[in-house]
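A.B. asks: Take a look at the letters that make up each chain.
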Amino acid sequence: MREAAVISQPNLLRRIPGVAIVLVALIALFGAIAPGFLSFANLSNVLVQSTILTMLALPMTLIIMTEGLDLSMGAVLTLTSLCVAIVSVATHSMLLGVGAAILVGAAFGLVNGWLVAIVGIPPFVATLGTLGMAQGLSLIVSDGQSVVGIPHSVRDIYSATFLGVPVPIVMALVTYAVFHGLLYHTRFGTYVFALGGNREALKYAGLSPGRLLIGVYAIGGIMAGIAGLLMTARMNSGHPTAGLGMEFDAIAAVAVGGTSFERGNGWLLGTLLGVIAVGILRNGLNLISMPSSVQVASVGVLVIVALFLDGLRSRS
Amino acid sequence: MSTSAAVEALRPGSEGATPLLELRGISKEFPGVKALDGVSFAIYPGEVHMLLGENGAGKSSLMKVLCGAYRADAGEFYYKGEKVAINSTADAQKLGIAVIFQEFSLVPHLDIAQNIFLGREPKGRIPGTIDRRRILADAKRVLDMIGFDIDPAITVDKLGVAQQQMVEIAKAISQNARILVMDEPTAALSDRETELLFALIARLKADGVSIVYISHRMAEVFALGDRITVMRDGRRIDGVLPGDVTPDQLVRMMVGRNVDMTYPRNFAEKPGEVMLQVKGLASPTGIADIDIEVRRGEIVGLCGLVGSGRTEAARAIFGADPITGGEIIFDGKPISGGPDVASRRGIALIPESRKSEGLALLRSVGDNLVVSALRKLFPSGMFDPRVSQRTADELIRQLRIVTPSARQMVGLLSGGNQQKVVIGKWLAAGSRLFIFDEPTRGIDIGAKSEIFALIDRLVAEGAAALMISSEQIEICHVCDRAYVMREGRIAGHLSRNELTEENIVRLGMHHA
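These protein sequence lines are chains C and U, in that order.
Here my numbering is used: the first residue of the first sequence is 8, the next is one more, and so on.
Here my numbering is used: the first residue of the second sequence is 3, the next is one more, and so on.
No wet-lab data here; the hints were simulated from the structure.
Fair warning: there could be bad hints in the mix.
What the hints assert, rightly or not - Below, a list of computed lysine-lysine pairs in the DSBU-like style, where the Cα atoms sit at most 35 Å apart:
| # | chain 1 | residue 1 | chain 2 | residue 2 |
| --- | --- | --- | --- | --- |
| 1 | U | K66 | U | K142 |
| 2 | C | K210 | U | K125 |
| 3 | U | K160 | C | K210 |
| 4 | U | K85 | U | K207 |
| 5 | U | K82 | U | K142 |
| 6 | U | K142 | U | K207 |
| 7 | U | K207 | U | K160 |
| 8 | U | K207 | U | K272 |
| 9 | U | K82 | U | K125 |
| 10 | U | K36 | U | K82 |
| 11 | U | K96 | U | K85 |
| 12 | U | K272 | U | K335 |
| 13 | U | K142 | C | K210 |
| 14 | C | K210 | U | K66 |
| 15 | U | K160 | U | K96 |
| 16 | U | K66 | U | K450 |
| 17 | U | K96 | C | K210 |
| 18 | U | K207 | C | K210 |
| 19 | U | K66 | U | K36 |
| 20 | U | K378 | U | K281 |
| 21 | U | K335 | C | K210 |
| 22 | U | K207 | U | K96 |
| 23 | U | K450 | U | K281 |
| 24 | C | K210 | U | K36 |
| 25 | U | K85 | C | K210 |
| 26 | U | K96 | U | K82 |
| 27 | U | K207 | U | K36 |
Stated by the list, open to error - Partner residues are not named here, just some residues of chain C that face chain U (Cβ under 7 Å, in silico):
| # | residue |
| --- | --- |
| 28 | A208 |
| 29 | Y211 |
| 30 | A212 |
Just so we're clear, the structure is a prediction, and the values are computed from it rather than from any experiment.
C-beta atoms are modelled at their ideal positions from N, C-alpha and C, and glycine is treated no differently.
Model the full structure from these sequences, guided by the hints.
C.D. replies: Right, here's the structure in full:
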């Protein structure tokens, strides 16, 4: 027997999400102990460096909202980054490079979606399989070597500015706007909520949950393709381990941002803040000369702290 | 009893009227069970048609056939006198049939408007987008229509059960539902919320909407019903008007008589000392003030309707749910803690869903038999396959489990033999109090007798049993006495000579 709940208006303090508290705490911490952290150049650097993760974490939010997961995203990013490198080196065309990357990414997204929605393999296992495939393909196409000689048209993307704003940030902002519109203002976005919240309701409304689910994973693949362009531009090469572990940061950002892994409760702005929190953490630890192994561990701690704060609030 | 034709003739205002929807001779069979057996059922415009029956009488199956979730094996549907087919939920929706299920079909993190129009969102100017202003206005209009004053932009997860139910009804109305099927809609509502629902039902009725209302509460049956159909064992027993029957007559129709199996039970002359004593037990699942006593050598029944709190009481005694009040005394000593404590002290819970909660289906019979006794059999922590094999073989012989060997995968056994494995598992662990939740669910009649013979032997040898069953006839034949639950509380106690199906149903139901 359930108790009838009343609509509650929680006080302001309790409405502040865990990710905001974490973000403020991180800025205060590194502002105090990391020299140069609060400089404009550094903060702008943090944001530029967060753009690739943004492009993965936003689609990851949708996937997690469907009670799914995409472990292959980092490996697919490696592969699409290599696609950009190889095709642009061969054709000197940035557009052909990114086009090839999007096609490859979309193919992986469709395969992920097909495995999860139609074949019925649990997302964890299905995308673990495609992770291996993407990583293996990356080693094959690159022969284990870096791809160098990236044309200017690709390289300049990362350093160019548009109306004074770095192009990667513009791309990330546009991506965010598109995802915001998609999730909150389209039919598709409405159905994403339903995929995780009550799949039966979709069936009852005459919709096909399977096709919608494939769409969600395909979006993840396409975004990995676009992020591949930024990755290649940033590294000025294609590298067979470029995207290693990026899925971990993406899932962490989504979790830190307060998206629930159950019942289709997602928050895009939270993911964006989560991405920035992860970026600040890594940047700050860099500034105080912590090795990257410590960074990975601390991202893990960040996830747990943010979820702990959310858990505290929902319990009280 | 009057025939249905006579009833139709008696109904005020329905002389010569064609039913809005008529079902004729609907049958639906599942492997081993005849869920519906030639059921005929008519719904007239603007009436509240109460559907009554015990658990398993076929009400839910009939409802699922009506809304297209099940396809009838035989029978015909007539809509306003014309023959139609209901083969899918889409067919049913086209005819204006909508079902308000007990588990709602709502998406928790979408708002009320999005839920009402899920899959039918008004299109915005940009392709793929939703016209936000219109969806809110349309939702508001539907909500106003049913007199539910709430902001349609509130997400559904912030609503209480009653409000969610209102949204479900709004969703149905927005699809132009002319026939609304409600499955125990007041089960989770407070008195005030129930009043609001009744007011809404009156309003819908006035608009010509027909309502099929499944209920277990006598007061509702008489307060709301324009007509009553009673079902039992997948058959329509009778259709009556509320003015023509008394609650007692309805109870008798629901219970009926169909005894065709034997219940082996050797009642002890004198029960032993008290083994389990539960005093004022309460838990957050909604049960409260539970007093239960079980003595050595007894089989004590725990009855009541599905949802009355029987399973919750069993789980609380076993420590599977937290306890917020009262105490449990086992063998003279208080017991508290989780299932691990309870099982170590000698309490066993044999759950209703033995496949998901009682057995590891892909493992062998032998593994399943020893899994709860590992600590006892191997105190050093080292596993010895010979000891395990010997224990399993002994139990297979003792319980007469039919299996080629202890190595057989347990999922391949019949239901009755699976149940024996669950019991054997707890026997091996040295349990003395067995709590059975629907021990004969999904087991054929022959195997049922064997299970009861086994339980009888267990208690004769000094154990005790607390048995939950929706089959009242089982309780009557097997139990020394029984407690009847209603809405999370003990509604009454029946001693051996008071133990009849009618008494159980009477105590379990709400009265006017």
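A.B. asks: If a hint holds in the structure, say so; if it doesn't, say that too.
C.D. replies: Hints versus structure:
1. As the CA atoms of U/K66 and U/K142 are separated by approximately 30 Å, the hinted pair is consistent with the 35 Å bound.
2. As the CA atoms of C/K210 and U/K125 are separated by approximately 20 Å, the hinted pair is consistent with the 35 Å bound.
3. This hinted pair checks out: U/K160 and C/K210 have alpha carbons roughly 24 Å apart, not beyond 35 Å.
4. Between U/K85 and U/K207 the alpha-carbon distance is near 25 Å, which keeps this suggested pair within the 35 Å criterion.
5. A hinted pair counts as satisfied when its Cα atoms are at most 35 Å apart, and U/K82 with U/K142 qualifies at roughly 31 Å.
6. Proposed proximity of U/K142 and U/K207 is supported: the alpha carbons are some 21 Å apart, at most 35 Å.
7. About 29 Å separates the Cα atoms of U/K207 and U/K160, which keeps this hinted pair within 35 Å; it holds.
8. Distance restraint check for U/K207 and U/K272: the Cα-Cα separation of roughly 57 Å exceeds the 35 Å cut-off, and the hinted pair is therefore not satisfied.
9. Proposed proximity of U/K82 and U/K125 is supported: the alpha carbons are some 34 Å apart, at most 35 Å.
10. Pair hint U/K36 plus U/K82 holds up; C-alpha atoms about 28 Å apart against a cutoff of 35 Å.
11. Restraint check: the Cα-Cα separation between U/K96 and U/K85 comes to about 14 Å, which is no more than 35 Å; the hinted pair holds.
12. Distance restraint check for U/K272 and U/K335: the Cα-Cα separation of roughly 23 Å lies within the 35 Å cut-off, and the hinted pair is therefore satisfied.
13. With a C-alpha separation of about 25 Å, the suggested pairing of U/K142 with C/K210 holds against the 35 Å cut-off.
14. For a cut-off of 35 Å, the pair hint linking C/K210 to U/K66 stands: about 15 Å separates their Cα positions.
15. Between the alpha carbons of U/K160 and U/K96 the distance comes to roughly 31 Å, so the proposed pair stays at or under 35 Å and holds.
16. Proposed proximity of U/K66 and U/K450 is supported: the alpha carbons are some 28 Å apart, at most 35 Å.
17. A distance of roughly 16 Å separates the Cα atoms of U/K96 and C/K210; the hinted pair therefore holds under the 35 Å criterion.
18. A C-alpha spacing of about 29 Å is found between U/K207 and C/K210, which places the hinted pair at or below 35 Å, so the restraint holds.
19. At most 35 Å may separate the alpha-carbon atoms for a hinted pair to count; U/K66 and U/K36 meet this at roughly 15 Å.
20. The suggested pairing of U/K378 with U/K281 holds, with an alpha-carbon distance near 30 Å, which does not exceed 35 Å.
21. For the hint linking U/K335 to C/K210, the alpha-carbon distance of about 53 Å lies beyond 35 Å, and the restraint is violated.
22. About 20 Å separates the Cα atoms of U/K207 and U/K96, which keeps this hinted pair within 35 Å; it holds.
23. For the given pair, U/K450 sits about 32 Å from U/K281 by alpha-carbon distance, which is consistent with the 35 Å threshold.
24. Using a Cα cut-off of 35 Å, the hinted pair C/K210 and U/K36 holds, with the two alpha carbons roughly 27 Å apart.
25. With a CA separation close to 26 Å, the supplied pair U/K85 and C/K210 stays within the 35 Å bound.
26. Simply put, U/K96 and U/K82 have alpha-carbon atoms about 14 Å apart, close enough for the 35 Å limit, and the pair holds.
27. The hinted pair formed by U/K207 and U/K36 meets the criterion: a straight-line CA distance of about 33 Å does not exceed 35 Å.
28. Taken as an interface hint, C/A208 checks out: its beta carbon lies about 4 Å from the nearest beta carbon of chain U, inside 7 Å.
29. Residue-level restraint check for C/Y211 holds (minimum Cβ-Cβ distance to chain U is 5 Å; threshold 7 Å).
30. Because the smallest distance between the Cβ of C/A212 and any Cβ of chain U comes to about 3 Å, under 7 Å, the interface hint for this residue holds.
In this structure, the earlier hints numbered 8, 21 are contradicted, and the remaining ones agree with it.
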